[in-house]
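Residue 10 in the numbering used here is what sits at position 10 of the sequence shown, and the numbering runs on without skipping anything.
These are computed hints drawn from the structure, not numbers from a lab. Using N, Cα and C, we set each Cβ at its ideal position, and we do this for glycine too. Careful: at least some of the hints might be erroneous.
To be verified - Listed next, with one range per pair, are the computed distances between beta-carbon atoms:
1) S152 with I113: 25 to 33 Å
2) N72 with P310: 37 to 45 Å
3) V55 with R387: 33 to 41 Å
4) A217 with V373: 45 to 53 Å
Said to hold, decoys possible - Listed next, the in silico DSSO-like pairs over lysine-lysine satisfying Cα-Cα at most 27 Å (straight line):
5) K378 with K307
6) K129 with K383
7) K374 with K129
8) K307 with K105
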Amino acid sequence: MKREPGILKTLFYNPALSITVIFIIGLILSPSGADVVGLKQGTIDIGSSGKLWRVITVGLAALLTLGVFMSNPANRIKAMFTGNLRYLTIYACLALLTVVFSQLKGMTMFKGIEVLLICMVGAIIATSKDRESSAITFTTGVFWIYTLSVFSALIELAVFGSAQHKQLVGATPLLSTQMESSYPPMVGNGLGFLGALTALFGLYRFDMPQARNRTKAIALIILAAGAVILFLSYTRSVLLFFIVSVLIIAAYEKRTIRIGVILITVISLLAAPGIQDKVIDHLRRGATDEQITSLSSRTQFWDTILKRDPVQLMVGEGFATGTLFQDYQSRGTHKVFTSRNAHNSVLEIIMSSGFIGAAIWLTIIIRIGLQMVKIRRKLRSMKEWGRLHFHHFMMGVFVLSA
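Working from the sequences, and respecting the hints, build out all of it.
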């Protein structure tokens, strides 16, 4: 495996990565997610919904994507309908077709175009001169961006957070809502996932073959920062799958002693007086954990989703617009619930793109999983230890993401 390029070269030398940077800038500049309820009720417009910067940056990314894509259109269009990318392209086309059933046609078109742009970026990587090197450079660059984002979140909390925010207490204890300013513009689950990805990246860099001591030190700092974000975000499901991902990497790697030492050290901290009770109380989200009255049981909410009209179940109600339910039994004002309350990505896809979209998405996940196993066997037989180490890292990311 060739020596990795420097950080700046990794971030900006790869055309696909440059496009991704523009996407991420749009996410950071957006002060919050789109107010889907307000858009559906017509009380706000797209300019005040938290999506204006997303529209601008996605437009810039689209222009750059088209410019790069059209330098070799025939091969790149062919790549979009080859392998796993073929299913993602079909999914993007389905997302655009759901505009027929959408209550927010503009948003459905916008989000569908975003997925289509992702397919085009994938085709750009697939048709590069050195496809594997381009893909590794792209992936490494994205994870450096994740790392910078996590450190930005920690710095903001330390510098701008009030004393109450730093204690992480209150009616809504999710770390993302404890930030006084607008960054990061994501819910607690998204922030926890970001921390978990960063922690896995730090673990990968720490356990790289023949890594220098300086690299190991930086990697440990990255690992610690990601783990702090993960723990403080209250995302219990992400924390569980992060542990599973680490165990999978440790099982596959020959250099498991160092990973084992890290795990034993972290687990041993729970034996310290008072630490265990504080950790358990933290994961329980204290006594202020919000409940959703009549829809407090997620299974009841899922049951409500699956009892919809058969046509809606098959094709959804518009890609990325979600489904609205009102809880009329709650005290005071009526509370509106969106697809986010499902806490299940497959059901969220069923709500927006129907069973057809969910079937395509699951096909992508299953195919990638099977191919990862085959690639690992191939790399082991070729004794490509550097590439195999990176592949184990990506297997951990896949388990965490899926």
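Unsatisfied constraints (hint numbers, rising): The structure breaks hints 4 and 5; every other hint is satisfied.
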